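Chemist: The chain contents come next:
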Amino acid sequence: AQKVTQAQTEISVVEKEDVTLDCVYETRDTTYYLFWYKQPPSGELVFLIRRNSFDEQNEISGRYSWNFQKSTSSFNFTITASQVVDSAVYFCALSEVNTGGFKTIFGAGTRLFVKA
Amino acid sequence: DGGITQSPKYLFRKEGQNVTLSCEQNLNHDAMYWYRQDPGQGLRLIYYSQIVNDFQKGDIAEGYSVSREKKESFPLTVTSAQKNPTAFYLCASSPRGRETQYFGPGTRLLVL
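Each protein sequence line maps, in turn, to chains A and B.
Per the working numbering, the first sequence starts with residue 61, numbered consecutively.
Per the working numbering, the second sequence starts with residue 294, numbered consecutively.
Bound conformation, chain A alone (with noise of 0.2 Å):
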């Protein structure tokens, strides 16, 4: 079955610590993509980062990097150097390919803190 947890619900960091959002993920597929997005109090969801199954390199943006292991099933986020503007909820989500296009699943997400 497919499944996204991530099990941290709010985290709280003072700013310029690093802090890592970890997604463990479940599937019985061999071709899937993870993802994460941001959700600023605004509330709309930002795309920041697709993954598919076959690339498990890590990427760094900026101050944010992933770490995708198939090993453990994970797909975590860390951020650099965190500022007051990275508030926000996180999400990371997994999607498969069925009969009616892609299915995409969210987890519950975690709620960052940064303090100035």
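Heads up, none of these hints are tricks.
In silico lysine-lysine, DSSO-like type, Cα no more than 27 Å apart, as pairs:
hint: 1; chain 1: A; residue 1: Lys98; chain 2: B; residue 2: Lys302
hint: 2; chain 1: B; residue 1: Lys350; chain 2: B; residue 2: Lys302
hint: 3; chain 1: B; residue 1: Lys376; chain 2: A; residue 2: Lys163
hint: 4; chain 1: B; residue 1: Lys363; chain 2: A; residue 2: Lys163
hint: 5; chain 1: B; residue 1: Lys350; chain 2: A; residue 2: Lys63
hint: 6; chain 1: A; residue 1: Lys163; chain 2: B; residue 2: Lys350
hint: 7; chain 1: A; residue 1: Lys98; chain 2: B; residue 2: Lys350
hint: 8; chain 1: B; residue 1: Lys364; chain 2: B; residue 2: Lys350
For the record, the hints were derived by calculation from the structure and aren't laboratory data.
Given the structure is predicted, the values throughout are model-derived calculations rather than measurements.
Guided by the hints, dock chain B onto chain A, whose structure is given.
Modeler: Frame of chain A; chain B shown alone:
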């Protein structure tokens, strides 16, 4: 600018009333989706459409209805059969055959 618009931003529903949430996109995306988000929870899929005049139920379709008469538009009606409609509703779209979804700003529905 290309994007997804949802209106209204806030919507109030009286008991027994049907209300319709608007979702429009000018990204030329084939697929469109409706999600429901409850406080402290992730997103749950209500309905999705891969092509005009076709749509499928998601995980929580009961009490909702949709139409897809135009590629750009995918309105969601919350019917009186939906007993607990208070939630944040998000619309998304994606290109055909592509898995990445892009989201609108959302509509918050409240029951009076």
